[in-house]
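Q: As a plain string of letters, each chain reads:
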Amino acid sequence: MANKRIDEATQTETVGHEWDGIEELNTPLPRWWLWTFYATIIFAIAYCVAYPAWPLVKQGTEGMLGWTSRGQLAKEMSAADQARTSVREALARVPIERLPEDGGLMRQAVAGGAAAFKVNCVQCHGAGAAGSKGFPNLNDDDWLWGGDLRAIETTLVHGIRQPGDDQTRTSLMPSFGEILEPGQIEDLTSYVLTLSGREKPSASAQRGAQLFADNCTVCHGADGKGLREFGAPNLADAIWLYGGTREAVASQIRNPHMGVMPAWNARLDPVTIKMLAAYVHSLGGGEDFVEVAENPAVEVDEQP
Amino acid sequence: MNNPDTTLKTEDRPLSLYEKHEPVFNKRIDGKFRRIKWAIMVACLLVYWITPWIRWDRGPYAPDQAVLVDLAHRRFYMFGIEIWPHEFYFVAGLLIMAGIGLFLVTSAVGRAWCGYACPQTVWTDLFQHVDRFFDGDRNARARLYRAPWGPAKIARRLAKWTVYLLISFATGGAWIFYFADAPTLHQEFWSGTAAPVAYATVFVLTMTTFVLGGFMREQVCVYMCPWPRIQTAMLDEKSLIVTYKDWRGEPRGSLKKAQKNPGQFGDCVDCNQCVAVCPTGIDIREGPQIGCITCALCIDACDRVMKETGRPRGLIDYATLEDSEREKQGQPPTRHLKLIWRPRTILYFCIWSGIGLALLFMLGTRVHTDLTVAKDRNPPYIVLSDGSIRNAYTLRLRNMESRPREMEVAINGLPGAVMWSEDISADQAARSVRRTVAADETQSMRAYVSVPAGTQDKDFTFTLRALDEQGETDTVEAYIDTPGEQ
Numbered sequence: 055m056a057n058k059r060i061d062e063a064t065q066t067e068t069v070g071h072e073w074d075g076i077e078e079l080n081t082p083l084p085r086w087w088l089w090t091f092y093a094t095i096i097f098a099i100a101y102c103v104a105y106p107a108w109p110l111v112k113q114g115t116e117g118m119l120g121w122t123s124r125g126q127l128a129k130e131m132s133a134a135d136q137a138r139t140s141v142r143e144a145l146a147r148v149p150i151e152r153l154p155e156d157g158g159l160m161r162q163a164v165a166g167g168a169a170a171f172k173v174n175c176v177q178c179h180g181a182g183a184a185g186s187k188g189f190p191n192l193n194d195d196d197w198l199w200g201g202d203l204r205a206i207e208t209t210l211v212h213g214i215r216q217p218g219d220d221q222t223r224t225s226l227m228p229s230f231g232e233i234l235e236p237g238q239i240e241d242l243t244s245y246v247l248t249l250s251g252r253e254k255p256s257a258s259a260q261r262g263a264q265l266f267a268d269n270c271t272v273c274h275g276a277d278g279k280g281l282r283e284f285g286a287p288n289l290a291d292a293i294w295l296y297g298g299t300r301e302a303v304a305s306q307i308r309n310p311h312m313g314v315m316p317a318w319n320a321r322l323d324p325v326t327i328k329m330l331a332a333y334v335h336s337l338g339g340g341e342d343f344v345e346v347a348e349n350p351a352v353e354v355d356e357q358p
Numbered sequence: 110m111n112n113p114d115t116t117l118k119t120e121d122r123p124l125s126l127y128e129k130h131e132p133v134f135n136k137r138i139d140g141k142f143r144r145i146k147w148a149i150m151v152a153c154l155l156v157y158w159i160t161p162w163i164r165w166d167r168g169p170y171a172p173d174q175a176v177l178v179d180l181a182h183r184r185f186y187m188f189g190i191e192i193w194p195h196e197f198y199f200v201a202g203l204l205i206m207a208g209i210g211l212f213l214v215t216s217a218v219g220r221a222w223c224g225y226a227c228p229q230t231v232w233t234d235l236f237q238h239v240d241r242f243f244d245g246d247r248n249a250r251a252r253l254y255r256a257p258w259g260p261a262k263i264a265r266r267l268a269k270w271t272v273y274l275l276i277s278f279a280t281g282g283a284w285i286f287y288f289a290d291a292p293t294l295h296q297e298f299w300s301g302t303a304a305p306v307a308y309a310t311v312f313v314l315t316m317t318t319f320v321l322g323g324f325m326r327e328q329v330c331v332y333m334c335p336w337p338r339i340q341t342a343m344l345d346e347k348s349l350i351v352t353y354k355d356w357r358g359e360p361r362g363s364l365k366k367a368q369k370n371p372g373q374f375g376d377c378v379d380c381n382q383c384v385a386v387c388p389t390g391i392d393i394r395e396g397p398q399i400g401c402i403t404c405a406l407c408i409d410a411c412d413r414v415m416k417e418t419g420r421p422r423g424l425i426d427y428a429t430l431e432d433s434e435r436e437k438q439g440q441p442p443t444r445h446l447k448l449i450w451r452p453r454t455i456l457y458f459c460i461w462s463g464i465g466l467a468l469l470f471m472l473g474t475r476v477h478t479d480l481t482v483a484k485d486r487n488p489p490y491i492v493l494s495d496g497s498i499r500n501a502y503t504l505r506l507r508n509m510e511s512r513p514r515e516m517e518v519a520i521n522g523l524p525g526a527v528m529w530s531e532d533i534s535a536d537q538a539a540r541s542v543r544r545t546v547a548a549d550e551t552q553s554m555r556a557y558v559s560v561p562a563g564t565q566d567k568d569f570t571f572t573l574r575a576l577d578e579q580g581e582t583d584t585v586e587a588y589i590d591t592p593g594e595q
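Taken in sequence, the protein lines are chains A and B. To get the working numbering, take the position in the first sequence, counting from 1, and add 54. To get the working numbering, take the position in the second sequence, counting from 1, and add 109.
Keep in mind that the hints were calculated from the coordinates and are not lab data. Do not take every clue at face value.
Stretches of chain B that chain A covers, calculated by requiring three or more beta carbons in the stretch to come under 8 Å of a beta carbon on chain A [claimed, not checked]:
#, segment
1, 125 to 138
2, 340 to 352
3, 530 to 538
Heads up, simulated DSS-like pairs for lysine-lysine below, C-alpha to C-alpha not over 30 Å straight-line [to be verified]:
#, chain 1, residue 1, chain 2, residue 2
4, A, Lys187, A, Lys172
5, A, Lys254, A, Lys279
6, B, Lys567, A, Lys187
7, B, Lys269, B, Lys365
8, B, Lys484, B, Lys136
9, B, Lys366, B, Lys416
10, B, Lys437, A, Lys172
11, A, Lys187, B, Lys484
12, B, Lys136, B, Lys567
FRET-style restraints, in silico, Cβ to Cβ [said to hold, decoys possible]:
#, chain 1, residue 1, chain 2, residue 2, range
13, B, Val585, A, Glu232, 50 to 60 Å
14, B, Gln296, A, Ala146, 47 to 57 Å
15, B, Pro360, A, Trp87, 49 to 59 Å
16, A, Thr139, B, Glu517, 36 to 46 Å
17, B, Val585, A, Thr139, 36 to 46 Å
18, A, Asp220, B, Thr503, 52 to 62 Å
19, A, Trp87, B, Val585, 21 to 31 Å
20, B, Gly593, A, Glu240, 57 to 67 Å
21, A, Gln136, B, Pro305, 16 to 26 Å
22, A, Ala146, B, Pro513, 26 to 36 Å
23, A, Gly251, B, Phe569, 44 to 54 Å
24, A, Val111, B, Gly259, 53 to 63 Å
25, B, Pro524, A, Arg152, 13 to 23 Å
Keep in mind it's a predicted model, so treat the numbers as computed, not measured. Ideal Cβ placement from N, Cα and C applies to all residues, glycine included.
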């Protein structure tokens, strides 16, 4: 390597090699650069020892620190649970009708209820709680069993038409197809549809009025506005659980569908039920709770 | 091409891919540029250490620290300006201004940032003064560096490194005060109750300052920093750089030689003072190079030598390459103003100040009230018992003033529509809803809007109005869904 020399333009030494006239300047890296490189290698080895690193046939190496992503998740989840305990305890203490007094707790309950709703309720009531035919829309101001916090909670706890729960919400609409003549059912349908103004008064409706007074007012009331004690729907409003067409109303008189809902106390804890009630109440149709002293039947579901 | 002399000289050394880093032992120098450097260094350090402790009264609902990056609450305070996360474009704008500002400075005065204001330069300078205090000037430091390790050397090194660490700790420690209330954090820090991230940050920044300022120094500029490389692309023959006027200096010769052979030698007496004082250890006479941060200490050194030898100053001087050429041909140098006032700098300045003015304009005209509307899409509408149609919206009322404010949200242009909210029952529905929004906060509220049966899908607007003397408003377009004609 006799042709090592100082390059004139750069005043730098060449390495002495020459390839077809191409020479290389000798500009060595600083030594600390090399140490940095060694440091990264040492770090990599230490990392491989401390953390899961090498994939093997069945399972990767585990690492001295025993760290796993699942373990970290579990830790974070339990930390989040811990953070929620105070809210859950406060919710367990407060009677549901007094929940709105504490705005912060109410918001927490609504948020928790929204999460629980997505797991337990959307299957029937839909993601937006708008329901569908046969499954009530929970956003509106029409309630079969009452729309205050206490009533919603009771419905959630005991369910609807649940055998084995003596406080379950139960109502029975007779199959008038076996009681009335088809013509009478036509007349009754006409009358029912005039209640909400969907049809104009007619001779048929006038005939139906008498049939309604004889057969229906016990539950639906003289004005057809329903009675919540019996879970009898309001027939004079714009909301129809099974459809508001003539055909749908007639069918419901002839051979009624009656929905069910699980008694959630068998599946969910009281705090979650409270949160669900708060969420459903918050959807826009919630009613204010009015203390009814002379009706002890309402005050039976005091959950711990 | 082959020079037999140099070939012989290089042959006896084995070729190595790496070389040991030789520290720079720069000599003390005094002069015009050194004094400027002192002033800027003191100013930079004072700004860095004092800024977090400046108080600024913002009333009872906002922090009273003048400059505060409040990551926990996502606010950025800078004296009279408060920036919210949604206004991050202000910060982006500032960063763009900083970038273009560097271009501007580079095209006007070269690497002035590198030479005077870059933290790496400021702290390296500070540490080099510590070196000088403990170990003496250039030669003494070099001697001590080469001396074998003994008790005296160890003691000196330990003392020096302790001071390094103290400075580093003060540097790393001051950083965290920009991110929390400085007096509180200071107290928490020493009582051991500050957040772990505070200690970790201080530790990391202390160590980086210790290593980068105490040991890496010019290696950062030469090997790590991308800026010198960007600068090489930005500098041209019109850029102000530290220039050695080789036409005047070459050939170099000592004073004695020059006296013996008058007229044969240039002005450079080859005293190597320019190399000795250089904080990055380069020889400026080799021409512009990455290692030159244009700190101009070599100008100070050379000017002094020129004065002593009775030659005109400015053998090494701030000059453009073009001017250096002009001077060589005996033409007068370009006037200072013209050096700076040229199309490139004007263009950069226009862009820079344009962005600045736009930011100032936006800052001056921004409204401290904001409304956002998110419509519920599932379900799109709800039919109520009386046949009216209800839509639900999530409104966010933003109050950017640091005091609670009464605000009113109203519906515009939807005949027959009324609104209510989660805490207002439907029978109290009206055309507007009033809320008190807490200081410096955003309040989320549900808005239920109902329209009479038979209404068609329609556009309308929500207007938020602050019910104070400012009376700021914000209007947002919204849409109502209905089942349509049935």
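Q: Taking the hints in turn, state whether each one holds.
A: Evaluated hints:
Taking a C-beta to C-beta cut-off of 8 Å, the segment 125 to 138 of chain B contributes 6 residues in contact with chain A, enough for the three needed, and the coverage statement holds. Against chain A, the segment 340 to 352 of chain B contributes 0 residues with a C-beta closer than 8 Å to a partner C-beta. That does not satisfy the three-residue criterion, and the hint is violated. Judged by the Cβ-Cβ criterion of 8 Å, the segment 530 to 538 of chain B is covered by chain A as claimed, because 4 of its residues qualify and three suffice. With a C-alpha separation of about 19 Å, the suggested pairing of Lys187/A with Lys172/A holds against the 30 Å cut-off.
With a C-alpha separation of about 18 Å, the suggested pairing of Lys254/A with Lys279/A holds against the 30 Å cut-off. In summary, the hint linking Lys567/B to Lys187/A is supported, as the alpha carbons are separated by about 27 Å, within the 30 Å threshold. A distance of roughly 41 Å separates the Cα atoms of Lys269/B and Lys365/B; the hinted pair therefore is violated under the 30 Å criterion. For the suggested pair Lys484/B and Lys136/B, the alpha carbons sit about 71 Å apart, so the restraint of at most 30 Å is broken.
About 18 Å separates the Cα atoms of Lys366/B and Lys416/B, which keeps this hinted pair within 30 Å; it holds. A hinted pair counts as satisfied when its Cα atoms are at most 30 Å apart, and Lys437/B with Lys172/A does not qualify at roughly 83 Å. Distance check on the hinted pair: Lys187/A and Lys484/B sit about 24 Å apart at the alpha-carbon level, within 30 Å; holds. Note on Lys136/B and Lys567/B: the hinted pairing is violated, with a Cα-Cα distance of about 79 Å set against a maximum of 30 Å.
Restraint check, Val585/B to Glu232/A: a C-beta distance of roughly 57 Å satisfies the suggested window 50 to 60 Å. Distance hint check for Gln296/B and Ala146/A: the Cβ-Cβ separation is about 39 Å, which falls outside the suggested range of 47 to 57 Å. With their beta carbons about 37 Å apart, Pro360/B and Trp87/A fall outside the hinted range of 49 to 59 Å. Restraint check, Thr139/A to Glu517/B: a C-beta distance of roughly 39 Å satisfies the suggested window 36 to 46 Å.
Between Val585/B and Thr139/A the beta carbon distance is about 39 Å. The supplied range of 36 to 46 Å therefore holds. The hint said 52 to 62 Å for the Cβ distance between Asp220/A and Thr503/B, and at roughly 41 Å that hint is violated. Checked against the hint of 21 to 31 Å, the C-beta distance between Trp87/A and Val585/B comes to roughly 57 Å, which is inconsistent with it. Distance hint for Gly593/B and Glu240/A: a CB-CB separation of about 29 Å, inconsistent with the stated range 57 to 67 Å.
Taken as a hint, the range 16 to 26 Å holds for the pair Gln136/A and Pro305/B, whose Cβ atoms sit roughly 19 Å apart. In this structure the hint that Ala146/A and Pro513/B lie 26 to 36 Å apart at CB holds, the actual value being about 33 Å. Hint check: Gly251/A to Phe569/B, Cβ distance near 27 Å, so the stated range 44 to 54 Å is violated. Checked against the hint of 53 to 63 Å, the C-beta distance between Val111/A and Gly259/B comes to roughly 58 Å, which is consistent with it.
Between Pro524/B and Arg152/A the CB atoms are about 39 Å apart, so this pair departs from the stated range of 13 to 23 Å.
Against the hints set out earlier in the document, violations occur for numbers 2, 7, 8, 10, 12, 14, 15, 18, 19, 20, 23, 25.
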